[in-house]
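Asks: So the sequences go chain by chain: A and B. Note that our numbering numbers the first sequence so that position 139 is 139, with each residue one more than the last. Just add 409 to the spot in the second sequence (first one is 1) and you have our numbering.
What the hints contain is simulated information worked out from the structure, not anything from laboratory work. We put the CB at the ideal spot given by N, CA and C, even for glycine. One should not assume that every hint holds.
Unchecked claim - Simulated pairs of lysine-lysine, DSSO-like, Cα-Cα distance not exceeding 30 Å: (1) K464(B) with K500(B); (2) K519(B) with K101(A); (3) K531(B) with K91(A); (4) K101(A) with K531(B).
Said to hold, decoys possible - Cβ-to-Cβ under 10 Å is the rule here; a few derived chain A residues that face chain B: (5) M58; (6) V70; (7) T72; (8) L83; (9) N144.
Number of protein chains: 2
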Amino acid sequence: MALIVQKYGGTSVANPERIRNVARRVARYKALGHQVVVVVSAMSGETNRLISLAKEIMQDPDPRELDVMVSTGEQVTIGMTALALMELGIKAKSYTGTQVKILTDDAFTKARILDIDEHNLKKDLDDGYVCVVAGFQGVDANGNITTLGRGGSDTTGVALAAALKADECQIYTDVDGVYTTDPRVVPEARRLDKITFEEMLELASQGSKVLQIRSVEFAGKYKVKLRVLSSFEEEGDGTLITFEENEENMEEPIISGIAFNRDEAKITVTGVPDKPGIAYQILGPVADANIDVDMIIQNVGADGTTDFTFTVHKNEMNKALSILRDKVQGHIQAREISGDDKIAKVSVVGVGMRSHVGIASQMFRTLAEEGINIQMISTSEIKIAVVIEEKYMELAVRVLHKAFGLENA
Amino acid sequence: MALIVQKYGGTSVANPERIRNVARRVARYKALGHQVVVVVSAMSGETNRLISLAKEIMQDPDPRELDVMVSTGEQVTIGMTALALMELGIKAKSYTGTQVKILTDDAFTKARILDIDEHNLKKDLDDGYVCVVAGFQGVDANGNITTLGRGGSDTTGVALAAALKADECQIYTDVDGVYTTDPRVVPEARRLDKITFEEMLELASQGSKVLQIRSVEFAGKYKVKLRVLSSFEEEGDGTLITFEENEENMEEPIISGIAFNRDEAKITVTGVPDKPGIAYQILGPVADANIDVDMIIQNVGADGTTDFTFTVHKNEMNKALSILRDKVQGHIQAREISGDDKIAKVSVVGVGMRSHVGIASQMFRTLAEEGINIQMISTSEIKIAVVIEEKYMELAVRVLHKAFGLENA
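Chain A on its own, in the form it takes in the complex (with noise of 0.2 Å):
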């Protein structure tokens, strides 16, 4: 017997048909012996019909109600998704964030988990009910209804996971496991049986939109045991998320696979003075206004000065520009301010990358061969990222994906 978290989001859950598939689902895995907890999102589209309505009422709503309003669209699937395995005989009862409850900070609309009261759940599943939990949503210390942001669900899963020390948390999804890149960019493109949490969080951060970054860090830091599957078709493994690299495989290949993501922007201070503190002073304001920043680069130029540039969502560059202009620019004397939108960060990911030299270099020439011009660069030990112009995006991934010979397994 195991204990086993599953993770339907929005499109597996999007009507009653599809609500009654994943209680098929769940009934066969406790058919088999297995403690079950689901979590649920909202009917997919139903967060945006939500936030829509808000809208009508106002432009930019207040983030406290508009969680109290999001977060009923979970709360509707859990009643749906508890009465479909009743209607199977299962005992199953429902459980909003604040039930359970998953205490978070309070910034509403992106509130982080602090902690999770597993005891309730423990208790129900030991008597034999199968819980389902909303996810993306919980509660505050003041009682608050909060939600954790897009893609949050995937996180409630995993923290679930952590909290309950569940065997497996297994995300269910309309992709059938983690491709080395987008198939609907690299029709080649090959799903990976396995991959590793450090691969992963890069793939995720870097765009891959299988995950959510926030749940593969979650995953990793309390050693959940993550597997992506597609709740569209009965059979197959999907990937599994592992914490070790393969020792066994030496032939395991150097690259495990490409992301990329079209949805930041570029922000470029130019002719900061060189001075300690500088990107302090810099990304505080940003990083207060709540702005989440991704890549940074500092380049020394030769008069004394600096040019620095990071990267932002694109649907905050303009917050974040007119920030830095109002409250940055004239304090710490920089000449200019610019943004750009017209870009895209493109990674290749792999552990393999570590022991090899060469990576980067075959990268960059690759892309030179095409023409493309390299704007922005940042690497981990397993990653290489660039950032280029946005029109050339799918021709970066494609002759990338070739190059690295991904095709092949």
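Chain A is fixed; fit chain B onto it per the hints.
Replies: Leaving out everything else, chain B in the frame of chain A:
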């Protein structure tokens, strides 16, 4: 400065534009220096949509899960209403039943309020907030979400007014007050400026749809000043529901109104041995199944047996019949158990009735003159109710309205 609770029903918050209207009305009260608590229902149609979703999964949905789903209707409206107030520059904060907390028993889908914690609301009111509370819902001692049953938002409003010791509880609806009877049946029906609690109670319980009976009981019990108003008219004082009959006005009419109700069905148990405890043996199992019973009549027959008749909601007639046939008939040796859902109840109501004889005989004569047969009679100090064949209902209401001179102020 007064503390006012305003309750807005589903048609008053049916869409963003109407919610903005609600906010503007609240703003006018705030501008006069009043503290305001707003109680809102789900947008009209929303509760039925959610019930349909549940029934798509399970024909007779588990009541706990149904409440989880249905309660989201009001949760969306509180968010929207709070946003609409903020958009007008008014500090506002929404509350679910759990957040208030409105403690109920655990009779899902028809829970009763046990206690209201008014501390958070009081603090926010004192801090200048308008508190927007979800009607119709509460939370049981174990943290389960409950709903109060249809029309329960009125009860929420009155219960909050009682807990907060509000100066007035205003119930906004799509009619501009309480009428002598339904104007759709009798065009000459007249709006009452005032009505006593007892009369209102009888009118509500007898089927007048303006206010839900439990809210009137609550208001009477806690001496909450209740006013029914239209949310679609800027002006008008609606109908005030008073604690005392108006002693000053000697010419007060004897009858205040005619109520009617076609939602009930009649169940008759014939040939029951006339022994002590028989009423309990019949009604006990019905009550245990949470079926509400309205009128109850017992007649002694000539042969030492008795006939026992009572009414229940039409939707519950078949359930009640099968309970009686399965669990009661053999046990008490009843000759026959039969149901009739083609009935209507018509009542004349008025505190003036106490001191006037002849109301009953006038009522019966009026119906007899139209050839309408009376199947059951039930009386209270201020009400006479009769059950007649359903098809005669409108006719009965019209002739009684005329016979008691209700068209003249």
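Asks: Would you mind marking each hint as holding or not holding in the structure?
Replies: Taking the hints in turn, this is what the structure says about them:
1. Under the criterion of a C-alpha separation no larger than 30 Å, the hint pairing K464(B) with K500(B) is inconsistent with the structure, at around 39 Å.
2. Restraint check for K519(B) and K101(A): satisfied, since their Cα atoms lie roughly 25 Å apart, inside the 30 Å limit.
3. With a C-alpha separation of about 41 Å, the suggested pairing of K531(B) with K91(A) is violated against the 30 Å cut-off.
4. At roughly 26 Å between alpha-carbon atoms, K101(A) and K531(B) fall within 30 Å of each other, so this suggested pair holds.
5. Taking 10 Å as the C-beta cut-off, the interface hint given for M58(A) holds, the closest approach to chain B being about 4 Å.
6. The criterion of a C-beta within 10 Å of any C-beta in chain B is met by V70(A), whose closest approach is roughly 8 Å, and the hint holds.
7. The interface hint given for T72(A) is met, as the beta carbon of that residue sits about 4 Å from the closest beta carbon of chain B, less than 10 Å.
8. For L83(A), the shortest C-beta to C-beta distance to chain B is roughly 4 Å, which falls under 10 Å, so the interface hint holds.
9. Because the beta carbon of N144(A) sits about 8 Å from the nearest beta carbon in chain B, less than 10 Å, this interface hint is met.
In this structure, the hints that do not hold are numbers 1, 3, in rising order.
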